[in-house]
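Here the sequence shown is numbered in the working numbering, starting from 490 and rising by one per residue.
For the record, the hints were derived by calculation from the structure and aren't laboratory data. Hints may contain errors.
[To be verified] Calculated pairs, DSBU-like style, for lysine-lysine (alpha carbon to alpha carbon, straight line, at most 35 Å): (1) Lys575 to Lys598; (2) Lys560 to Lys575; (3) Lys560 to Lys598; (4) Lys588 to Lys575; (5) Lys594 to Lys575; (6) Lys560 to Lys588.
[Stated by the list, open to error] What follows is a list of derived Cβ distance ranges for each label pair: (7) Ile514 to Trp629: 36 to 42 Å; (8) Thr622 to Trp531: 58 to 64 Å; (9) His632 to Ser582: 16 to 22 Å; (10) Ser582 to Ile502: 19 to 25 Å; (11) Arg579 to Val510: 23 to 29 Å; (12) Gln603 to Leu511: 25 to 31 Å; (13) Gln596 to Ile529: 37 to 43 Å.
Where is the CB? At the ideal position from N, CA and C, for every residue including glycine.
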Amino acid sequence: MLEWYRHSQRYSIGMGLAGFVLIGILIGFRQGLDYSWLSIPWMWLFLAVAGLGMYGIFRLVDPAVGADWLKVGRTWVLLYELTDIKVRHRGMSMHLDLKDSGGRKVQVKVDELQEDRDMWDLVYNGLLHSVVTNGATTNWAAHSLLEVPDQPE
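Could you build all of it, start to finish, from the sequences and the hints given here?
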């Protein structure tokens, strides 16, 4: 493994606390701005579990890159054998959907790859090679947002 990325402990704790507070505020609005429900002990437990869930979600992100592969969770692709490269918007973020010659698929947030410059360089070189040399299929967003070149004629 050459590069890997995981959100920092501080960031994950912050997101867990933000989830705790946000869910509490939403429940308060649902109750008509009556926060008397906070006197019920099991509601605090519910908020704590929700906050821990948010913390866990942000700690689970762990893309890793080798010289010619990208692994996200338990799935991986060979970067220099990509056959399909798509950039899609999901929610507020851009996701990279990759498929290689072995039929393996990976979906990853572009931001998580670009957080580490060395990681992004390895992935981007694989994208370029797959398009220029192997003729991988791409979509408009891959060309316009990631500046991946068109296939040579």
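We went through each hint and held it up to the structure:
1. Lys575 to Lys598: holds, 12 Å
2. Lys560 to Lys575: Distance of about 17 Å is within 35 Å: holds.
3. Lys560 to Lys598: Holds - the C-alpha atoms of Lys598 and Lys560 are around 13 Å apart, at most 35 Å.
4. Lys588 to Lys575: Given pair Lys588, Lys575 holds - Cα atoms ~9 Å apart, limit 35 Å.
5. Lys594 to Lys575: Holds, at roughly 11 Å.
6. Lys560 to Lys588: The hint holds at about 12 Å.
7. Ile514 to Trp629: 36 to 42 Å: holds, 39 Å
8. Thr622 to Trp531: 58 to 64 Å: holds, 59 Å
9. His632 to Ser582: 16 to 22 Å: Cβ of His632 to Cβ of Ser582: about 19 Å, so the range 16 to 22 Å holds.
10. Ser582 to Ile502: 19 to 25 Å: Hint holds: Cβ distance 21 Å, inside 19 to 25 Å.
11. Arg579 to Val510: 23 to 29 Å: holds, 25 Å
12. Gln603 to Leu511: 25 to 31 Å: holds, 26 Å
13. Gln596 to Ile529: 37 to 43 Å: Since Gln596 and Ile529 have Cβ atoms about 39 Å apart, the given range 37 to 43 Å holds.
Hint violations for this structure: none, all hints satisfied.
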